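With this note's numbering applied, the sequence shown corresponds to residues 2 to 511, in that order.
It cannot be assumed that every hint is accurate.
Stated by the list, open to error - Label-pair distances were calculated between CB atoms; the ranges are:
{"id": "1", "residue 1": "S177", "residue 2": "P409", "range": "51 to 59 Å"}
{"id": "2", "residue 1": "T353", "residue 2": "G51", "range": "17 to 25 Å"}
{"id": "3", "residue 1": "V235", "residue 2": "I426", "range": "48 to 56 Å"}
By construction, these hints were calculated from the structure, which means they are not laboratory data.
Quick caveat, the model's predicted, so the values are computed rather than measured.
Cβ atoms here follow ideal geometry from the backbone N, Cα and C, with glycine treated the same way.
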Amino acid sequence: MYTKVCLQLCLTEVANGLRNPVLMAHANDNTHRMFVAEQVGIIWVYLPDGSRLEEPFLDIKKIVLATPWVGDERGFLGMAFHPQYKHNGKFYIYYSYVDKKKLEKIRISELKVSASDINKADPHSERNILEIEEPAANHNGGQVLFGLDGYMYLFTGDGGKAGDPFGKFGNAQNKSVLLGKVLRIDVDGKSPDGKPYRIPLDNPFVSDTKALPEVYAYGVRNMWRCSVDRGDPVTHKGRGRIFCGDVGQNRFEEIDIIVKGGNYGWRAKEGFECYDIKLCHNSSLDDILPIFAYGHSVGKSVTGGYMYRGCESPNLNGLYIFGDFMSGRLIALQEDERTHKWKKQDICIGSTKACAFPGLISSYSKFIISFAEDEAGELYFMATSYPSAYAPHGSIYKFVDPARRAPPGKCKHKPVPVKVKSKRIPFAPLTSKFAQREWALLGPLTPPPRSLVNSVVQKPLFQLGVKIWQGIPRRPRPGQFKRRRSACGATVRRAPKGVTRKGAPLCARP
């Protein structure tokens, strides 16, 4: 269901100069710090006063597989803090890397906070939890989160290429592989067979000899950004639901609510319609339909968001807010309590007049990478004007409802003081003049890694008086990947004829 009237919101810029910020998370430790991860493999700490610490929380860019190619989906993709982080200091990361045999994989691992600095991770504490080989360069998944049950949920892509061409039915419908799945594991123990995690006894396929016990749901293509609903602040209705955006193939993008044992249809279906006719008409499919799907005239790469449960904007309570990476559209969904159908409402960023209050802005960078929720339940999104892992054009914006604000003093909170050893970098907002220039640049910068020197020509650019490095890809040598255009309009890579390890079509998103 659609409504013609758009929801008018304003924004506050809270960070900029980031290299494809793929996520922002809090530790739920009452410090109200925010941890922002860049696709290259660096996590920054932002304090409640808006300043950033000069030294990163974690820097693993030498391990993470990320390139300057526009649209390359590989890199640092996910992070989640353990529910008991305040007591055990554990957190988990999800990233792309290349192993000693030159195989591309995704890795999920556990790390601990430093014993001597609460704002630094201990890089030597990394413990591998799970590794999965990727048959192609795209559809790497990337979401890791903890449900209210205390278990870890992992969201993997279908393996890449186009149309999930792996095997008879594709990876997503094959419960004996980990790709194209929602996985659920218990990281607070080890299994009898030596795995660094346990299988929850109530996982849906533990008794199915043809399925892997980690599988919680299947039939997903490439879910990009999922979140747990906190529930209504008063009634707690909706608490614990997991919402996901699943990126489509050629026609539809969709929003799903994850349920135990659910089959989300891919590659039989895309959105509400058939993709693979034979699979789609299989009587045993029994798939779960999305709560909402939209065609590629609206957008071509969904970015899942959050259900608003904050305090500052009461009118937004119960709205699921998400966006589209390619079109830059922001959208809200609201459930009809009587029919349980979801009503769509476009979000319009208000005019300069509507957002004329100090600190508010009415524009943002086009490519919407991710959404975030702070400890108080307020919502944010991350976007960039140039979707390359090494381009420092990413910003973070906070949603503000100009129509109705909470009464003064109602939403105040007192963050637990944090001892800071690193230098604080005050936040410097982009001026309206600079914001009109998509190459406007402020924030943390580092030279490109040595591993990229042989693959790109390093060309210095001088912008706003700051010297930066821009990777200009060399012309491919024989046997290297060639560039073409994908169905979603993004620049992608394809291996030349005769090369076994093929690159995959890449939509221009992390």
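Comparing the hints with the structure gives:
Between S177 and P409, the C-beta spacing of about 57 Å keeps the proposed range 51 to 59 Å intact. For the pair T353 and G51, the beta carbons lie near 23 Å from each other, so the given range of 17 to 25 Å is met. Restraint check, V235 to I426: a C-beta distance of roughly 39 Å breaks the suggested window 48 to 56 Å.
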